[in-house]
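Student: The residues making up each chain are set out below.
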Amino acid sequence: MAADKKPTVAANKKPWCRTPLIESANLSKTAGCKILLKLENLQPAGSFKSRGIGNYNISALQHASHTEKVHFYSSSGGNAGLACVHAANFLGRPSTVVVPLSTKPMMIVKIKAAGASEVVQHGASWKEADTYLRDVVIRQAEKKGEEGVYVPPFDHEDIWAGNATLIDEVDEQMQEMSDGAPDVVVCSVGGGGLFNGVVQGVEARKDWQTTVLAMETEGAHSLAQSLAKDEHITLPGITSLATGLGATRVSERCLDLARKHRESGKVRSVVFSDAEAAMGCWRFADDERILVELACGVNTALCYGGRLEKALGRPVKKDEKVVIVVCGGQDVTAQMVEEWRQQFGDLDKDARNGHMAEVPSAATAPNGA
Amino acid sequence: MAPIQQPWRETPLIESANLSEAAGCRIFLKLENLQPSGSFKSRGVGNYCLVALKHASNPDKVHFYSSSGGNAGLACVHAAKSLGCPATVVVPLSTKPMMVAKIRAAGAQDVVQHGATWRDADAYLREVLIVNAKAKGEEAVYCPPFDHKDVWAGNATLIDELDEQMHGAPDIVVCSVGGGGLFNGITQGIDARPDWKHTTVLATETKGADSLAQALDQGELITLPGITSQATSLGATRVSERTFELASKHQVSGKVISAVLSDAEAAMGCWRFADDERTLVELACGVNLALCYGGRLTKALGREVQEDERVVIVVCGGQNVTTSMLEGWRQEYGDLDHGLTNGHAKCVPSAVTAQNGV
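If you read the protein sequences in the order shown, they are chains A and F.
With numbering that gives the first Met the number 0, the residue at position 38 of the first sequence is 37, and numbering never jumps.
With numbering that gives the first Met the number 0, the residue at position 352 of the second sequence is 351, and numbering never jumps.
What the hints contain is simulated information worked out from the structure, not anything from laboratory work.
Check before you lean on any hint, since a few could be wrong.
Calculated pairs, DSSO-like style, for lysine-lysine (alpha carbon to alpha carbon, straight line, at most 27 Å) [what the hints assert, rightly or not]:
| # | chain 1 | residue 1 | chain 2 | residue 2 |
| --- | --- | --- | --- | --- |
| 1 | F | K148 | A | K348 |
| 2 | A | K316 | A | K205 |
| 3 | A | K33 | A | K228 |
| 4 | F | K248 | A | K28 |
Here are some, though not all, of the chain F residues that point toward chain A, as calculated from beta-carbon distances under 7 Å [to be verified]:
| # | residue |
| --- | --- |
| 5 | K60 |
| 6 | S261 |
| 7 | R277 |
We treat Cβ as the ideally placed atom computed from N, Cα and C, and that holds for glycine.
Build the full structure now, drawing on both the sequences and the hints.
Tutor: Next comes the structure, spelled out in structure tokens:
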């Protein structure tokens, strides 16, 4: 056998991987139906963004005039930045991330650990950092002969196409389990990049009667507000702690799709509080031993306290199959989750229905269950 | 009879950027925490149950029994459920309410608390419960936690998957040793592959549950007087004969290396892993991950780790962990490598989140 100095794990030709779809015994129990978790937290960059942004980078590289001069740039100090850096490394290209001064040290460390060529801190807000990136950093790079590629966090069809691969996998995986189409797919909405990919994937499957639950947190609910006002609005600011959902304005595509499918009920917009998202995080940590950000906890929160029924506007059926896109995200630590538990506690302490006393998180709520 | 499902699933193998950075080599994680019961035991105990059902005289009357209030009990209950059979678990009175809740949530027909120690609970199970069950016409099957060839064969499926997922043999496979069920399966799988003859197995234990290390030291199979480690999942006072046999045989050539780390190190492995990979594992598993930090892998191997070396850590999983426990460990044990300047990667998330800072 040829001496292969650096054999890689199973010839992964993309900057993202095929993630498991697992049935959660605990969450199925509390939700009263079959809960399937699509574990995007296992992507190389820790979130589903490895797909969309990975695909964007691949496409950009393919269309570059000089691939050896390509340098990827991002203004996200969050998961989009991480995905950009991971994908750039995978493609053998350098990457630079420009972030506002307010970015958490932990995220800076993560971006560097991911292998960014440089992390530049500039400006008080994302907008300032982004402007500096475009107007100064990329211009200077291009003057030096680089082919600077600005990587958007969500608003591009290549990103949606990359994210849509998630539904391709879910389709295959559910067929392997002889399960048929999911009845519901749950995903968070920040700028709508994930939502666009999910809906694209669902629409392409004519035999799927699937409902998509588009989840947001109060204070980052740009989609829900746009639907309520029937116009494409920009929030004055983000007041939710779930900064991973912190796009003040969803992509046009996201609003179009949500409007298109609103009447049929194929897409339902749902808004939860930060407290509910936090509950979703600490319970998920105890019931599945996986740590996810608030932007993701807003999805798992549906499984507790009868929230799924409320979100669907109808009773939940026992054999119903609900796929939760566990989007992941790196803005979380065990300490943060523990603090959320202490701060927000057991929101359903007094509820009689929908709260199953026999899952681990029922025993670990701080004020008892 | 209800349809039979395989009690375990194929798990992902991922290369960890953070742990590779910290360890100075290529760290791959075999995510057994994603098994239905939360640990690799879904394979071994699952296979035991599968085989028992196949050979049952009366499959409809099969009822599985376990005396483990831990991951083996959980694996038994989950496996029974996939096979369409009932399962009952008997545990000592000292078992944590959280674990009892988990066993019930998994779908046990009954969880009986009896006796002060595992030995008492186990004796009660065998001498009273199972005897009564058989008298009532049940085909009662006692599930051993680790000491059976069907358990080892089930655990060995991990190596089959690894073979498909990696191109070429890993240089090192790291696994914990409690009773040795996992170790036996892994070693069995490796021994069966001629082109894996250079693969080393690093068998880890915690001090106070180091039944294998002590046996190897003394040159004979010994029984510890008790378990003083907090990593109770490794709490077998005596490893299986097979484990001692394989470890002694391979220790000479260096194919098996025994390593013992402290509870503090296992705890450090847990909280760092939570911050670097966002997955919670028990102390029994943290002991493996601890090797990635502070130059511990080099120390355990007795030689420098190579940058392109491929090390697979069996993330055995385990359900005896919560974020509260983890935070407790972080507060109590903190950053063990605070004073070190070498071997401690400053560029991983857990370097920022250590209690006493870096």
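Student: Going through the earlier hints one by one, which of them does the structure break, listed in rising order?
Tutor: Of the numbered hints, 1, 3, 4, 5, 6 do not hold.
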